[in-house]
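Asker: Starting from the known structure of chain V, fit chain D onto it as the hints suggest.
The listed protein sequences derive, respectively, from chains V and D. Residues 1 to 221 in the numbering used here are what the first sequence spells out, letter by letter. Residues 1 to 272 in the numbering used here are what the second sequence spells out, letter by letter.
There's no promise every hint is true.
As the list claims (entries may be wrong) - Using C-beta positions, here's what the derived DEER-type ranges look like: (1) Leu85/V <-> Ala49/D: 50 to 60 Å; (2) Asn216/D <-> Gly31/V: 56 to 66 Å; (3) Gly31/V <-> Tyr51/D: 20 to 30 Å; (4) Gln52/D <-> Gly31/V: 39 to 49 Å; (5) Gly64/V <-> Val18/D: 22 to 32 Å.
As the list claims (entries may be wrong) - Derived BS3-like pairs: lysine-lysine, alpha-carbon spacing no greater than 25 Å straight-line: (6) Lys35/D <-> Lys138/V; (7) Lys206/V <-> Lys261/D; (8) Lys132/V <-> Lys35/D.
Note that these hints are calculated values from the structure, not bench results. Every residue gets a Cβ at the ideal spot worked out from N, C-alpha and C, and that includes glycine.
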Amino acid sequence: MDYTLYYYIAAFLMLLSSGIAFFIGLRQSAGTLRVVVIYLLVSFLSDLIFRIAYIFFDFYIKTGVFFRLVEFVLLIEFYSLILQLKKLTIFKRFIQVISVVLYIVIFEFDLTLMRTTNSVFFSLLSTGFFIKMIMEMKVNDPLKFPLFWINAAFLVYFSGSVFFSLSFDILGRLHEMSAVLSFGFHNTLGLAKNILIAIAFWISYKHSDWDKSLLEIKERK
Amino acid sequence: MDNAATNIIALLIVGTSVMLLLAGAIIFFVIYYQKRMLQNKIATQELEADYQRQLLQSTIDSQEKERKRIASDLHDGVGAMLSAAKLNLNMLRSGTIPMEELSEAIGETKEMIDDTIDTVRRISKDLLPSSLEAFGLSKAVEELCTKLDNPQTSVKFEEKNEPHTLSQQEELLIFRMIQELINNALKHAEASEIAVYLDWGKPLTIVVTDDGKGFNLEEIRGDIKKGVGLYSIENRASLIGGDVEFKSEPGTGSTVKIIIKKEHEQDQSLHS
Chain V
1 MDYTLYYYIA
11 AFLMLLSSGI
21 AFFIGLRQSA
31 GTLRVVVIYL
41 LVSFLSDLIF
51 RIAYIFFDFY
61 IKTGVFFRLV
71 EFVLLIEFYS
81 LILQLKKLTI
91 FKRFIQVISV
101 VLYIVIFEFD
111 LTLMRTTNSV
121 FFSLLSTGFF
131 IKMIMEMKVN
141 DPLKFPLFWI
151 NAAFLVYFSG
161 SVFFSLSFDI
171 LGRLHEMSAV
181 LSFGFHNTLG
191 LAKNILIAIA
201 FWISYKHSDW
211 DKSLLEIKER
221 K
Chain D
1 MDNAATNIIA
11 LLIVGTSVML
21 LLAGAIIFFV
31 IYYQKRMLQN
41 KIATQELEAD
51 YQRQLLQSTI
61 DSQEKERKRI
71 ASDLHDGVGA
81 MLSAAKLNLN
91 MLRSGTIPME
101 ELSEAIGETK
111 EMIDDTIDTV
121 RRISKDLLPS
131 SLEAFGLSKA
141 VEELCTKLDN
151 PQTSVKFEEK
161 NEPHTLSQQE
171 ELLIFRMIQE
181 LINNALKHAE
191 ASEIAVYLDW
201 GKPLTIVVTD
211 DGKGFNLEEI
221 RGDIKKGVGL
231 YSIENRASLI
241 GGDVEFKSEP
251 GTGSTVKIII
261 KKEHEQDQSL
271 HS
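Just chain V, same shape as in the assembly:
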């Protein structure tokens, strides 16, 4: 198969899946899941704008930079909620502000650095959530627990993206086709992430009795 075709198919499917997952997630009432719904909306819109601008107007717009920035802020919010870091609220805000400043001042909107930072950081946080799940043993059946699926989605996506994030630019300069292929694979990972999140939303909708104890902090607020 032509690498470019594979890239476009994967990109289209990723866009479509983020839109579908977003629509499934619209029914969610829990605050934590709403953060993920907003994350999907931003992902969908940023991808859509990028594709429309590139395909119809032949204009390369860096929506990825905006997306990575929002992704960082939203997922910090998400993990602080599910990891119940209620004592670290000020620290969380500090991290969010610092990250924005870092991206603007130090990284100068360097997409490679932003992608890599997000990949490493959220791989660690998603692993941390699984460790917490095992230690607390509050969840009887992880397969019926939406946060398990969402966290698995982020773990697969971010851990799989670490090496891609590092090599996108270098490959683009050295061998364009390999870069296209790696972008295609990255989009496949994005597709897998969106499918897993959609499953999480579906489970949350089907099993309304799922263990919401991990969302207590948000509900108390």
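Answerer: For chain D alone, kept in the frame of chain V given last:
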């Protein structure tokens, strides 16, 4: 494609594969571990429920046994004596007893009624000693030990420190535990020396020792029917915040220590 690109692609493939494998392994481990723990939890719950069922059955059996004993005491003792007294009274009323034996018959009837009163008093005392309500735990335990003390089995009572006020329910539960322990020592251990120590210090400590044949604690605990006495003592102690320590081995007698901490004492020990 030049060498640098090939190297980067190789690194990319290997690195990504390793990362994805790790992520997959973590996810599968979480699912496997949680499911395994869930199975263990269900198995433990089933065992617990089974144990509770057996304990309940044994408690019901022992209650039934106690009821039968009381019924037998009433039927064989009180019932028989009252029937004999009634027969004597009927004979007195119908005039079938000669005049010269009248006084003796009345004396016999009075004796029977006195014996019946004594028996009723004994049964009642066994059920709930009046001294417990009137004079408190120390006196009731002392009275119990004195009553059971005999040439074959010595039952001694000692107390330490100044007695303090306990609720009626606490006193009754402690009395019942001591009664049960002495009863076990007499009936099952065939002891020749039993000693009851009551230390009113803080925490309140009760120690019952005997020189009987002792028992294998694990074996008794393993058989719910045999161990119902021990569980009943533990349950009673837990109702008033007490802990029970059993020390016994076959042939070496046994020592049972009950430590009762009042709520504020428990809090203090937790904080310390």
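Asker: Could you check the structure against the hints above and give me the numbers of any it violates, in ascending order?
Answerer: 1, 3 and 7
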